[in-house]
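Assemble the dimeric complex from its two separately framed chains, guided by the hints.
These protein sequence lines are chains C and Y, in that order.
First residue of the first sequence: 1, per the working numbering; consecutive thereafter.
First residue of the second sequence: 430, per the working numbering; consecutive thereafter.
It should be emphasised that the hints constitute simulated quantities derived from the structure, not laboratory data.
For clarity, every value in this text was computed on a predicted model and none was experimentally measured.
Every residue, glycine too, gets a C-beta built ideally from N, C-alpha and C.
Treat the hints with care, since some could be wrong.
What the hints assert, rightly or not - Here are the simulated DSS-like pairs of lysine-lysine, each with C-alpha atoms no more than 30 Å apart in a straight line:
1) Y:K649 <-> Y:K659
2) Y:K451 <-> C:K275
3) Y:K571 <-> C:K253
4) Y:K607 <-> C:K294
5) C:K12 <-> Y:K434
Claimed, not checked - Residues of chain C clear of chain Y, computed beta-carbon distances all greater than 10 Å:
6) R90
7) N134
8) T178
9) E315
10) E343
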Amino acid sequence: MKLEKIYNDIVKETLYLAKHKSGLSVYIMPKEGYSKSYAIFGTHFGSIDRKFITPGQKEYTEIPDGVAHFLEHKLFEQPDGGNVFESYARHGANANAYTSFNLTAYLFESTQDIIENLGILLDFVRQPYFTDENVEKEQGIIGQEIGMYDDDPDWRLMMNFLASMYAEHPVNRDIAGTVESISKITKDTLYQCYNTFYNLSNMVLFVIGDVSPEAVAECVEEHITETEPFTEEIVRDYGNEKPEVLRSEITQKLSVSVPMFMFGFKDTDCGYDGKSLLKKSLELSIIARAIFGKSGELYTKLYDGGYILGELGVEVESEKDYGFTMLSGESNNPEEVKRVVLEYLKDATPKGIAKEDFERIKRSIWGQYIKQFNNINAVAHGFMSNIFNNIGIFDFVDVIDTITLEDVNKRFKEQFIPELSVLSVVEPV
Amino acid sequence: MENLKSYDIKHGIRLFYIPTKKFKTAAMSINFHRALKKEEASFNALLADVMRRGCAKYPDQASVMKLRQELYGAYFDVDVRRKGEDQILSFSISAVNERFLPEGETAFTGALDLLFEMILNPLVTGEAFKSEYVEQEKINLKNDIDAVINDKRSYATWRLIELMCKDEPYGVHELGDKESIDKITAESLYSHYNKIMSEGPVDVFVTGDVDIENIINVVKDKFSNIALTKTELPKAEIHKPAETETEIVETFDVTQAKLCVGYSTGIMPTDPDYPALMVYNGILGSGAHSKLFNNVREKLSLAYYAASRLDRYKGMMVVSSGIEIANKHKALDEINVQLEDIKNGNISDYEYDATMKSIINALRALGDDIGYLEDYYLGQALSGTSLSLEDHIKLIEKVTIDDVVRVAKRIKPEMVYFLTGKEGK
Chain C
1 MKLEKIYNDI VKETLYLAKH KSGLSVYIMP KEGYSKSYAI FGTHFGSIDR
51 KFITPGQKEY TEIPDGVAHF LEHKLFEQPD GGNVFESYAR HGANANAYTS
101 FNLTAYLFES TQDIIENLGI LLDFVRQPYF TDENVEKEQG IIGQEIGMYD
151 DDPDWRLMMN FLASMYAEHP VNRDIAGTVE SISKITKDTL YQCYNTFYNL
201 SNMVLFVIGD VSPEAVAECV EEHITETEPF TEEIVRDYGN EKPEVLRSEI
251 TQKLSVSVPM FMFGFKDTDC GYDGKSLLKK SLELSIIARA IFGKSGELYT
301 KLYDGGYILG ELGVEVESEK DYGFTMLSGE SNNPEEVKRV VLEYLKDATP
351 KGIAKEDFER IKRSIWGQYI KQFNNINAVA HGFMSNIFNN IGIFDFVDVI
401 DTITLEDVNK RFKEQFIPEL SVLSVVEPV
Chain Y
430 MENLKSYDIK HGIRLFYIPT KKFKTAAMSI NFHRALKKEE ASFNALLADV
480 MRRGCAKYPD QASVMKLRQE LYGAYFDVDV RRKGEDQILS FSISAVNERF
530 LPEGETAFTG ALDLLFEMIL NPLVTGEAFK SEYVEQEKIN LKNDIDAVIN
580 DKRSYATWRL IELMCKDEPY GVHELGDKES IDKITAESLY SHYNKIMSEG
630 PVDVFVTGDV DIENIINVVK DKFSNIALTK TELPKAEIHK PAETETEIVE
680 TFDVTQAKLC VGYSTGIMPT DPDYPALMVY NGILGSGAHS KLFNNVREKL
730 SLAYYAASRL DRYKGMMVVS SGIEIANKHK ALDEINVQLE DIKNGNISDY
780 EYDATMKSII NALRALGDDI GYLEDYYLGQ ALSGTSLSLE DHIKLIEKVT
830 IDDVVRVAKR IKPEMVYFLT GKEGK
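Next up, chain Y with everything else stripped away, as it sits in the complex (with noise of 0.2 Å):
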């Protein structure tokens, strides 16, 4: 299996090398920490929408992708994502090996050359990126925020977690929220680029078959005017768990129902509890030998999809479901029921070994692809594990049935969301 070769490369940047030849194309990407929060969230995702755009020598959407259809269909994108409370800003590329290319033909470095130019040489005018791409793309964010509803599956559970954590720093949208964009200018916008390149941290990440001491003279070399202050990535605090127990209803114009409930399980990553905790979890409600789909979904039909997942670096879990309006106690009652079940003890054999080669299974079958992989241990690095595949699946192997239901009293439910139709309010 595929483990990590790590190096510093200066203060405040890192690479990490997943060496393998099995695959036909090689990626890197370069990752900038940003501690989420409200009043950078927004700067962060536009940052990422202009600067896909284009840079100084490839100065539009048209010149980049002719370069990347030049390299034969190479991958370059950027973009925001969420772990806990870290919103990084990726740029990534990818490439096919040459090795399947006409006899002298490269498409990596093309693409390696492409990735620093976007990063390093924006297209700028003065102290401002080009103020026609600002106010387009603010326009454009805007609207993407909007359509989150649009998938009521995935909006419902946002929507609980937005408000579970309201007075967190999880509870920010990774796109961030449209008075503070209304207020970026294109001037401002340069300047947060600047910071954010004089900050980091910055995790750099290589998979493939490539030549990396080569790799890391180019990061070396192209960084060799950035001075970064920061080392520490941004890691999540634990969630605080509420008082009391709330209720909360939204009505959109829709057919079907959408049932979440919010947990606080008050265990991270670190914590030795938290395999037994994946355990729970699987054992509940991830795949088609859980409790939530084998009763809630298949014996007694009340829901379309009925899963649970854990927000790994909160210390959260959210159960969530697609049901009739009409149904809605019944359902509720019944996932209370599994939650109950694993508490007392009532895990079959089957149930508990399912589970267990299911999460093993999934966690070797991480290895086989590029994004997957990259990102497992860009995860492992913030929770601040840092557990090779083999090893964590070592752990998880150790998770007894005892272990379980000990978990299992941790759990303590917190809200349910409530996404119905007009007449089933």
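Bound conformation, chain C alone (with noise of 0.2 Å):
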């Protein structure tokens, strides 16, 4: 496997990437004077990936809701009855797994024994041992945690967000599914997603910190021996989302202090990925913060106005196949905010974003860039969410020049309009 070598003179950092033959992309990041590692083996199956065909096969596979985080959980369990966390634990590591809407990845941070570390990490990702015992037993305990979610304010919030933005496309359902949804896994369905997801030419390994990249290659090669990479892309159907929002208010009632409020625009011009997608999500950066950051004028009138009680975050989301522009705080009155938000636009997107407030806000965003770097867990997590849509993490550098006004001001006035907009809102029992 050979490494090659690419230095971002701007960062000062150095990125190896190699290609292995089973497929595998392999990223290394040596962080010098940092303690710590972290590695993370990541696989471009999510939530949202519930119909798709399988390479060399011709018809679809329609699973139920949750198998990948499902799936998360199960790898844990190992055929000869041995415990992952104890194997890592040995070692010094701390490990851990997420399931997100569009990834699943396995990872572990240890300032001690990295290569044995990864070698535990490769390892067990690569021995599925799925029973109908074992499948029963994960049913109750991620029954639980389904209902810790259904707690969770901040989670119902998000949930209901998106399944108002979106009629169609996956991401309007939880990561983890239902219990009703999750009582249909199988181990077959278990096993055709891992021959399908977990082939290593879906894969991605990333190592950051006190790292060296030949070790790291040679603890690939020497752990991975199989080569039957598809030669042949995953097929994957999102449905057929249509532009408009499914529905343009959604309320719950929770035990919170206050109401809480999600408002935001659904991004509709979806579809591409790499640079293209990186230059988008950056435009809608510069709109976030010019529009509803603390710079700007709303913000002030929501705040100084006692519309919104403390401070107001902004998200942006750009996925390949979908995406939104997202508002969040607490309010004695979410429906005042959100009049508020589109009188403001009414008269501000004629106008567009000012000359000066632009170059500013490229400045601070130019500047977080740098800063990311200080921090290898967030520049791990990062770089996996954004391998699988073809970014790369010095390509920011390239595109943040190319943006102009006039492309900012274009997309600021075509989507964010009220036949976009969303609002969700929990509310005190």
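The following block contains the structure:
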């Protein structure tokens, strides 16, 4: 496995990359002076991947909601009855895993025995062991986890928001599924998904910290000997999402002190990846900061006017097939917040963002890009979610200079309209 | 590993510098220590919220944010946090090092100027803060206090501590209380500000690759008109254990319950047994190798989470878990079994080894994060231990299983707090 080296003079970081013969893409970023290493092994299989064609087959497979997350739990079960956490703990590593809408990732962090721990990671993820009994036991455990999310106001707020914004796209369903959907999962479902999405050509390994790239490469060679990469892509079907939103408002009652809200705009300009996706995402970040951020007039109006209680959160989500820009906070009257925002936008969209705001916010985004390299956990997580969208870690440096105020204002005018908005509220019981 | 250098700026003001080249930013915080007490907690919390709004030179959030954006996304915030019985009012900044900026550009110098403007030249009319800001932040702060119940997991742990320490300063929330907030005026808040600026003590932390001599000169110069009276940090008194064990049940509209148990350990950070207490806590409930995780959560599936943590400055420990409402007694029994097991020396080599490695790993990893590093040294100063990360690791390495068993015998259960659904009463 030949390591290629890329040095970026702006952030002064080096990335090593290699393609293993199994199809696995390997990336390594040594960080001088750091005590810790962080390794993350991910597959491009998230909760939205519920209808797909496995390479070599002709028909679509449709699976119950929550399989990616279920599979993540089940991979920790080992054929020899061994406990993965125990193997890690013997080498001083802290291990975890997570499933998002778009991917499943297994990770560890440690200040010692990095190569031994990497071996554990590479081995256990490639040793599925599903039985009728262990699937049934897990249905109980995950059922409890789902119950916990049902009590979590932030989570409910978010899921209601997405379920109202999207009629078809599976981002409208809970990552863990429901008690009912997971009851339909069998060991065969798990094996079929495993054999599709855990093919190494659908996976990425990223290691960052106090590591030697050569030692990581050697460890991969030693642990991964099979070579059956797919020669075709996995075909994924996310439904036929129409531009409009499903419902513009949704409210749920939970045990909270004051109403919480999310108000956001659907991104209807979807379908691309790589640098084009990054460019769009940066344009939206500029809009979000300029229009909804603390430096703008709207924020002052909402905050000083007492429409919101405390800070307003602003978030941009840009995935290949879906995306949105979202405001969140607490308010005694979320409907009023919505009214004020829409009224402001009516005047603001024709005017557009001012040149000086645009330039200043670009500087700010630039600084934040540099700063993120401080935190190796954040770099690892960011790397993983970007790489499945074909966005590389240094692409930012090329893309940021291609962004123009005209493009930003065009996007602002087209996408921030009342018809594309959704208001989700969680009210006190 | 990063080690601390300390400098005396003047009476009541110390500066700590953690030199390191590995970060892309430099960070600085100015921390005003206040003894945690009911009469003052709301003042300090509100002061943070009002001062965050702006200063004479940058009079509102928009102008502060515009400056921060101009300075390549520099960070600035004011907050209050609790460490033991010290309520710390912190003003902090961080900014990208000039090595990563275009030729001739700097961000840290501008952020440093913002930091001192916000602290020393607040937005004041006559002898009062701007009343609109004060009135509005009173509303927001009261809302924040109400919102503490929204996250049931952290609320349950807080509520247990509050109940256990109802007669001690440690039972005072860092956000204060609503009745006290109602009584605060723009004038009384400003006189509180003046009191803080004349008492101290103040600790300044600087982390990163900076010209420290220059920063020391700036700090000396900016604080030249300030005369502080106090030099002693407000240190926590050890928790006085209750005579009897009690149980408190509270109901909310939830489907799952939270079960917490509070203990007194009688061991403060200066106690020679403190490193052994850290290992005890690790074996009991900190991480995937712990007894609570493996038995209460994994083997018996009684809880979605089950963990323990130390209240370092108070000689207390809390076990917390998220469970099905019906499993309360089973979970409580099982938690007790784990504590008894350690007391009886039933600790496997694996549990011991994995805990030792996990604690050492966590201490080493602290050095990779600017915020944690600063927090660690602030904590050391407050507990009067002043241990470097290396020395701390050495103390942990000496702990034996016998030490852990000895410590286990000092731990006394004191209170059970059960947060449950309406049916689970």
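Hint-by-hint comparison with the structure:
1. Y:K649 <-> Y:K659: 17 Å, holds
2. Y:K451 <-> C:K275: OK: Y:K451 and C:K275 at ~29 Å, within 30 Å.
3. Y:K571 <-> C:K253: Holds, at roughly 21 Å.
4. Y:K607 <-> C:K294: Holds. Y:K607 to C:K294 sits at ~27 Å (cutoff 30 Å).
5. C:K12 <-> Y:K434: 28 Å, holds
6. R90: Contrary to the label, C:R90 does not stay out of reach of chain Y, its closest Cβ about 6 Å off (not over 10 Å).
7. N134: 13 Å, holds
8. T178: C:T178 clear of chain Y: closest Cβ-Cβ about 14 Å, beyond 10 Å.
9. E315: Consistent with the label, C:E315 stays out of reach of chain Y, its closest Cβ about 17 Å off (over 10 Å).
10. E343: 19 Å, holds
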